[in-house]
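Residue numbers (this note's numbering), protein chains in the order written: chain A, 1 to 148; chain B, 149 to 417.
Careful, some of the hints might be misleading.
[Said to hold, decoys possible] Heads up, simulated DSBU-like pairs for lysine-lysine below, C-alpha to C-alpha not over 30 Å straight-line: (1) K144/A - K57/A; (2) K77/A - K175/B; (3) K119/A - K62/A; (4) K127/A - K76/A; (5) K76/A - K164/B; (6) K123/A - K58/A; (7) K123/A - K144/A; (8) K77/A - K119/A; (9) K154/B - K144/A.
FYI, nobody ran anything at the bench for these hints, they're computed from the structure.
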Amino acid sequence: MTDMKRRDVLRYSAAGAVTAATAVVGIQAVAGPGSAVGGEKAAAADPRDFEETYKGKKIKGKHNAGGKDELHINNKKLALTVISTLFIPEDGSEPYVANAYISAVNHYDPVEIDNDKNKEGLKKLAKKVVDMLGDLELSDEAAKAHTH
Amino acid sequence: MAVVRKNFTAMTSAEKTAFANALRQFKTTSANGRNYNWYIDQHITFFARTTDNISHAHQSPSFFPWHREYLRLLELDLQTVSGNPGIFIPYWDWTVSTLPFTSDFLGSVTNGSVSSGNFSPAWGWSLYRSSIATSFLQRRVGQNATRPTASQVSTVQSRTVYDQSPWNSTVSNSYRNRNEIELHNRVHNYVGGHMGTREAPNDPCFWLHHCNIDRLWWLWQTVRGLDTYQPRTGTTSGVVDNNETMRPFGAGRSPLAVHDISALNYSYA
Numbered sequence: 001m002t003d004m005k006r007r008d009v010l011r012y013s014a015a016g017a018v019t020a021a022t023a024v025v026g027i028q029a030v031a032g033p034g035s036a037v038g039g040e041k042a043a044a045a046d047p048r049d050f051e052e053t054y055k056g057k058k059i060k061g062k063h064n065a066g067g068k069d070e071l072h073i074n075n076k077k078l079a080l081t082v083i084s085t086l087f088i089p090e091d092g093s094e095p096y097v098a099n100a101y102i103s104a105v106n107h108y109d110p111v112e113i114d115n116d117k118n119k120e121g122l123k124k125l126a127k128k129v130v131d132m133l134g135d136l137e138l139s140d141e142a143a144k145a146h147t148h
Numbered sequence: 149m150a151v152v153r154k155n156f157t158a159m160t161s162a163e164k165t166a167f168a169n170a171l172r173q174f175k176t177t178s179a180n181g182r183n184y185n186w187y188i189d190q191h192i193t194f195f196a197r198t199t200d201n202i203s204h205a206h207q208s209p210s211f212f213p214w215h216r217e218y219l220r221l222l223e224l225d226l227q228t229v230s231g232n233p234g235i236f237i238p239y240w241d242w243t244v245s246t247l248p249f250t251s252d253f254l255g256s257v258t259n260g261s262v263s264s265g266n267f268s269p270a271w272g273w274s275l276y277r278s279s280i281a282t283s284f285l286q287r288r289v290g291q292n293a294t295r296p297t298a299s300q301v302s303t304v305q306s307r308t309v310y311d312q313s314p315w316n317s318t319v320s321n322s323y324r325n326r327n328e329i330e331l332h333n334r335v336h337n338y339v340g341g342h343m344g345t346r347e348a349p350n351d352p353c354f355w356l357h358h359c360n361i362d363r364l365w366w367l368w369q370t371v372r373g374l375d376t377y378q379p380r381t382g383t384t385s386g387v388v389d390n391n392e393t394m395r396p397f398g399a400g401r402s403p404l405a406v407h408d409i410s411a412l413n414y415s416y417a
């Protein structure tokens with residue numbers, strides 16, 4: 001099941017539509033010893049989930065198995081879209097392709113999603129969005145989904 | 149009437165005022181069946197992959213021709229709404245340090261907000277579908293990214309392959325994708341605030357930025373050939389071929405139809 005989903009991710013990544021990617025990330029995270037993969041409601045909280053205060057705003061991130069990851073800032077939802085995109089490091093090292101979150105707010109500034117080398121993707125996104133908002137808040141428009 | 153699109157630094161103060169006022173007028177007055185907010189709607193709708201499974205405006209080969217047509221329509225509508233056939237979209241060459249965020253032009257910024265003067269609510273500029281809860285246009289200039297340098301622009305411009313499979317945001321050897329990510333995205337992020345959002349055309353500097361992107365594509369075309377769009381006529385699924393209509397524009401508004409700007413009533417100075 002997991003292998004099959006992994007292949008799906010590769011396939012979808014190549015096509016540029018990677019809606020399955022977050023599902024796999026979630027499954028890997030809860031598939032440790034003793035935990036049931038695909039349980040209807042038994043999945044333990046993902047260790048990467050967070051709820052904390054950053055620069056005076058409450059940031060809450062949740063990684064969902066079989067669904068899309070969720071992010072709330074001061075209880076306002078920010079809809080996330082996963083894209084596969086080229087990253088071009090400013091230090092001149094080789095460009096690489098990775099899956100990344102974009103949203104209404106960081107629409108041109110993808111943030112690499114959680115994977116083996118980058119556990120804090122969702123939190124990095126949360127902090128980036130807070131930095132962009134400054135004293136302001138998200139509006140209801142930010143919660144509207146968007147497919148790429 | 150054919151217009152010459154100038155660098156905004158070369159505009160007279162009368163031209164700057166006329167441009168700003170035409171944008172404001174278009175917020176509340178329709179022309180040719182469209183108004184300003186129609187453009188924001190199209191940007192949001194066609195940023196996404198639409199029901200035809202095509203990404204028309206971004207992360208795809210039609211990034212350049214889609215925005216060329218989008219700007220051409222706006223220029224026409226601004227001329228119509230203002231009754232001034234000489235209105236043109238100026239370009240912003242972001243490799244030089246002079247910025248368009250001044251009180252006599254696109255509005256000055258105080259603590260991230262355009263709170264008075266041009267493009268403030270009191271002046272007559274309202275936001276539409278903002279994902280940030282505010283009535284003030286937001287700019288966070290330089291907070292999140294730097295401007296591209298002339299040498300970085302030159303490196304991107306020297307790429308020889310227009311675009312190639314898989315025709316999306318992952319292609320490395322692609323003039324289109326390198327320009328889109330390294331220049332286009334970066335300047336959206338450099339301005340920040342609403343320019344970094346899905347509803348970026350709320351900021352009038354969107355048009356100056358994309359005018360410069362269009363100018364760079366035109367300069368590239370004059371070196372590599374005018375009709376060099378990829379993919380050519382064929383059946384490549386999921387992308388706009390050279391002779392395929394770009395939505396939401398009218399029938400026949402294909403990449404081929406916009407490849408030569410001399411047929412579109414404008415040129416670059």
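We went through each hint and held it up to the structure:
no.: 1; hint: K144/A - K57/A; verdict: 21 Å, holds
no.: 2; hint: K77/A - K175/B; verdict: 29 Å, holds
no.: 3; hint: K119/A - K62/A; verdict: 13 Å, holds
no.: 4; hint: K127/A - K76/A; verdict: 14 Å, holds
no.: 5; hint: K76/A - K164/B; verdict: 39 Å, violated
no.: 6; hint: K123/A - K58/A; verdict: 12 Å, holds
no.: 7; hint: K123/A - K144/A; verdict: 20 Å, holds
no.: 8; hint: K77/A - K119/A; verdict: 21 Å, holds
no.: 9; hint: K154/B - K144/A; verdict: 37 Å, violated
Consistency with the previously given hints fails for numbers 5, 9, ordered from lowest to highest.
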